[in-house]
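There are 2 protein chains.
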Amino acid sequence: MTRTAFFISDGTGITAETLGRSLLAQFENTDIRMVTKPYIDSTEKATALVKAIESAHANDGERPIIIDTIVDDDVRDIISGSSGFKVDIFSTFLKPLEEELDTHSSYSVGKTHSIGQDDVYMNRIDSVHFALDNDDGARTHQYDKADVILVGVSRCGKTPTSLYLALQFGIRAANYPLTEDDLDESGSLKMPASLAQYRHKLFGLTIDPRRLAAIRTERRPNSRYCSIDQCLQEVEQTEALFRRSKVPFIDTTRFSIEEISTRMIAETGLARRFSPR
Amino acid sequence: MTRTAFFISDGTGITAETLGRSLLAQFENTDIRMVTKPYIDSTEKATALVKAIESAHANDGERPIIIDTIVDDDVRDIISGSSGFKVDIFSTFLKPLEEELDTHSSYSVGKTHSIGQDDVYMNRIDSVHFALDNDDGARTHQYDKADVILVGVSRCGKTPTSLYLALQFGIRAANYPLTEDDLDESGSLKMPASLAQYRHKLFGLTIDPRRLAAIRTERRPNSRYCSIDQCLQEVEQTEALFRRSKVPFIDTTRFSIEEISTRMIAETGLARRFSPR
Numbered sequence: 001m002t003r004t005a006f007f008i009s010d011g012t013g014i015t016a017e018t019l020g021r022s023l024l025a026q027f028e029n030t031d032i033r034m035v036t037k038p039y040i041d042s043t044e045k046a047t048a049l050v051k052a053i054e055s056a057h058a059n060d061g062e063r064p065i066i067i068d069t070i071v072d073d074d075v076r077d078i079i080s081g082s083s084g085f086k087v088d089i090f091s092t093f094l095k096p097l098e099e100e101l102d103t104h105s106s107y108s109v110g111k112t113h114s115i116g117q118d119d120v121y122m123n124r125i126d127s128v129h130f131a132l133d134n135d136d137g138a139r140t141h142q143y144d145k146a147d148v149i150l151v152g153v154s155r156c157g158k159t160p161t162s163l164y165l166a167l168q169f170g171i172r173a174a175n176y177p178l179t180e181d182d183l184d185e186s187g188s189l190k191m192p193a194s195l196a197q198y199r200h201k202l203f204g205l206t207i208d209p210r211r212l213a214a215i216r217t218e219r220r221p222n223s224r225y226c227s228i229d230q231c232l233q234e235v236e237q238t239e240a241l242f243r244r245s246k247v248p249f250i251d252t253t254r255f256s257i258e259e260i261s262t263r264m265i266a267e268t269g270l271a272r273r274f275s276p277r
Numbered sequence: 001m002t003r004t005a006f007f008i009s010d011g012t013g014i015t016a017e018t019l020g021r022s023l024l025a026q027f028e029n030t031d032i033r034m035v036t037k038p039y040i041d042s043t044e045k046a047t048a049l050v051k052a053i054e055s056a057h058a059n060d061g062e063r064p065i066i067i068d069t070i071v072d073d074d075v076r077d078i079i080s081g082s083s084g085f086k087v088d089i090f091s092t093f094l095k096p097l098e099e100e101l102d103t104h105s106s107y108s109v110g111k112t113h114s115i116g117q118d119d120v121y122m123n124r125i126d127s128v129h130f131a132l133d134n135d136d137g138a139r140t141h142q143y144d145k146a147d148v149i150l151v152g153v154s155r156c157g158k159t160p161t162s163l164y165l166a167l168q169f170g171i172r173a174a175n176y177p178l179t180e181d182d183l184d185e186s187g188s189l190k191m192p193a194s195l196a197q198y199r200h201k202l203f204g205l206t207i208d209p210r211r212l213a214a215i216r217t218e219r220r221p222n223s224r225y226c227s228i229d230q231c232l233q234e235v236e237q238t239e240a241l242f243r244r245s246k247v248p249f250i251d252t253t254r255f256s257i258e259e260i261s262t263r264m265i266a267e268t269g270l271a272r273r274f275s276p277r
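Residue numbers (full-length UniProt numbering), protein chains in the order written: chain L, 1 to 277; chain V, 1 to 277.
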C-alpha cells in the first residue's frame, strides 16, 4: 500500500521538503511516494494542485499527507479544502514563537518571504570558484587563502565535499590528492612539500578500501587503479600519514556528503562564512 | 536586544536548521543570533550544551529559542532541563503522523536515523563530475548525456547552479557561456553550432546588467569585460537570442542559487535523479 506525501510551498519548497523527508524517514516500513510542489503562488496553481491531491487519494485509496509552508491566505484556503492530512508547519510553530518573541511574524501579516540574493552572494560564488580553482591539487599557491585543505586518496569524496562546503557554508576548501608520487625511499607516504606549512589547515578523508575499489571500478574498470590491492595499500599509507602527522580525519565510507561536511565543521570548529537558507 | 536560537540535532542539524531559519526569517525585526549544534549524541555533549544555553540566557537577558530533532531520550531529557523555549519538531508532528499512518515511527522506539550513503551516491558523484567536466563550454561532446545545458553570459550564475543541481538533485547540468565569439556578421548573437542540436535541453540564465557589472568588477576591475556598456550589450543580445530561439530563461538577479535551481526544475519539469535528505 502506497501513500503519497506532498511537500508544498510558495517558494523553493526546501523547508517543507527537508522537514517532510526527515519526518517520514522515521516511518521506514511505510511505502511513501514523495512529491515536491514548489512555487504554488497563485489560486490557479493551488486549484490544479488540489486536483492532483485528489487524484493521488483515489489512486492510493488513502488520503495523501500534506506538509506545507504556504503563506498566502487564499492559496492556503484552497489547499486546506483538499482531502489530504495536513501537517502545517508555520501555523503550528509561529503562534507560540510570536508569543515568546512578543511580536508579529511576517507570516501572520500575510507577507511572502523570498530568500533572494544578498550580500553573502559574492562570498558564496567566490568560495565555489576557489574550490574549482584549487581542486585536485591543481594549484597550491592559494593555500594561504584556504579555510581548509582536504587530503586523501583519489575518489574518497574530496571534490564533492569541497563544493558542498562552498555552496552551503561559504567555506573555502582546497583539496589535494595523496598519490604514489608522495612516497619516500622507504615506500611510506610523506607529507607533500606544498602542504607542510599548512598542516593546521589539513583535514583528512579516508574510506574503506573495498568501497574505494568499487567507486574506482565505475570510473576505470580493470585497472591497477581500481584493484583491491592498490586501494588497500593507498588507504593504509594515507591513514598512517594522518596519524603520524596528527592530521584529523574521518572515514567517509558510511557518510553522505552532508554528514562528511557537517562532521568536519563540528570537529574542526571551522567558522561558516555563510548559512544555508 | 538579541535573542539566541540553538538548532540542535544528533545528526547533521540540517533539518533543525532549515526549519529554524525558515521560522525565524518570519521575524524580520527581531535580532536573533543563530547557532547550529550538530552531533549532540551523548549525555556529555548535551550537558555541555545546556551550559552554553544558560550562558546565552545570562548574556542576552532572555531565554534562548531551542529547535531540535534529538531522538535519544536521555539526551532529550538533559536538553529539556535547560531554561530555553523549546520548539520540538519530532514530538509535535510524529504523534499525529503515527496515528494517521497507523504505525510506530523509529523515533518513538528511540532509534537514531542516519542519512548515510546509499545507492544514489554514485549517481550524485557522477553528476558532480559531469558538471565539472562540462563546465564553461570546456567540452561539448557529452551533451547527449546532459539533462540540461545552462546557457548565458559569463558570470550570470551558470557554474554554481550546475553544481547545486548535481549535489542536491543528481541532475547532470552542463553549462556553456555565450560570448562575442558567437556573434554573426550583422553583430547579433547566433546559436553556437555545438548547441544547435540540443535546443530542447537548453535553459537560459540572464541577469541585470548593473548587477553583472558589479560581479565582474570583483573579478576583473577596470576591464572592458566589467564595463556597464559591455554588460548591457551582452545581456541584450543574449536575451534576444533566447527569445528568437525559444529558449526558456529566467532572470537570476534577485534569486539565490536554490531559487534559480528549483525554479528551473519547476519550469522545465526536469526529473531529479536524487533527492536531498
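Hints may contain errors.
It does not matter which identical chain is used: a pair holds within one copy or between any two.
To be verified - Pairs of lysine to any residue, SDA-like flavour, derived with a Cα cap of 25 Å:
{"hint": "1", "residue 1": "201", "residue 2": "135"}
{"hint": "2", "residue 1": "45", "residue 2": "86"}
{"hint": "3", "residue 1": "45", "residue 2": "272"}
{"hint": "4", "residue 1": "145", "residue 2": "135"}
{"hint": "5", "residue 1": "95", "residue 2": "1"}
{"hint": "6", "residue 1": "86", "residue 2": "144"}
{"hint": "7", "residue 1": "86", "residue 2": "1"}
{"hint": "8", "residue 1": "95", "residue 2": "61"}
{"hint": "9", "residue 1": "201", "residue 2": "182"}
{"hint": "10", "residue 1": "86", "residue 2": "199"}
{"hint": "11", "residue 1": "86", "residue 2": "98"}
{"hint": "12", "residue 1": "86", "residue 2": "27"}
{"hint": "13", "residue 1": "51", "residue 2": "63"}
{"hint": "14", "residue 1": "95", "residue 2": "211"}
{"hint": "15", "residue 1": "86", "residue 2": "104"}
No wet-lab data here; the hints were simulated from the structure.
For clarity, every value in this text was computed on a predicted model and none was experimentally measured.
Each hint tested on the structure:
For a Cα distance limit of 25 Å, the shortest separation of residue 201 from residue 135 inside one copy, 15 Å, qualifies, whereas the shortest one across copies, 28 Å, does not. When the C-alpha separation of residue 45 and residue 86 is checked against a cutoff of 25 Å, the pair qualifies only within one copy, where the shortest distance is 18 Å, while the shortest distance between copies is 35 Å. For a Cα distance limit of 25 Å, the shortest separation of residue 45 from residue 272 across copies, 21 Å, qualifies, whereas the shortest one inside one copy, 37 Å, does not. In this assembly of identical chains, the alpha carbons of residue 145 and residue 135 lie at most 25 Å apart whether taken from the same copy (14 Å) or from different copies (24 Å).
Only between protomers do residue 95 and residue 1 lie at most 25 Å apart by alpha-carbon distance; the minimum there is 21 Å, versus 36 Å within a single protomer. Neither within a single protomer nor between protomers do residue 86 and residue 144 lie at most 25 Å apart by alpha-carbon distance, with minima of 51 Å and 42 Å respectively. In this assembly of identical chains, residue 86 and residue 1 lie within 25 Å of each other by CA distance solely inside one copy; the values are 20 Å within and 36 Å between copies. Taking CA atoms no more than 25 Å apart as the test, residue 95 paired with residue 61 passes between copies only; the shortest distance there is 22 Å, against 34 Å inside one copy.
Only within a single protomer do residue 201 and residue 182 lie at most 25 Å apart by alpha-carbon distance; the minimum there is 19 Å, versus 43 Å between protomers. Proximity of residue 86 and residue 199 under a CA criterion of 25 Å is satisfied in neither setting, with 52 Å inside one chain copy and 41 Å between copies. Taking the shortest Cα distances, residue 86 and residue 98 sit within 25 Å of each other both inside one copy (22 Å) and across copies (13 Å). Proximity of residue 86 and residue 27 under a CA criterion of 25 Å is satisfied in both settings, with 17 Å inside one chain copy and 24 Å between copies.
In this assembly of identical chains, residue 51 and residue 63 lie within 25 Å of each other by CA distance solely inside one copy; the values are 13 Å within and 45 Å between copies. Taking CA atoms no more than 25 Å apart as the test, residue 95 paired with residue 211 passes in neither setting, with 48 Å inside one copy and 38 Å between copies. Taking the shortest alpha-carbon separations for residue 86 and residue 104, both the intra-copy value of 24 Å and the inter-copy value of 19 Å come in at or below 25 Å.
Comparing the model with each earlier hint shows violations of hints 6, 10, 14; every other hint is respected.
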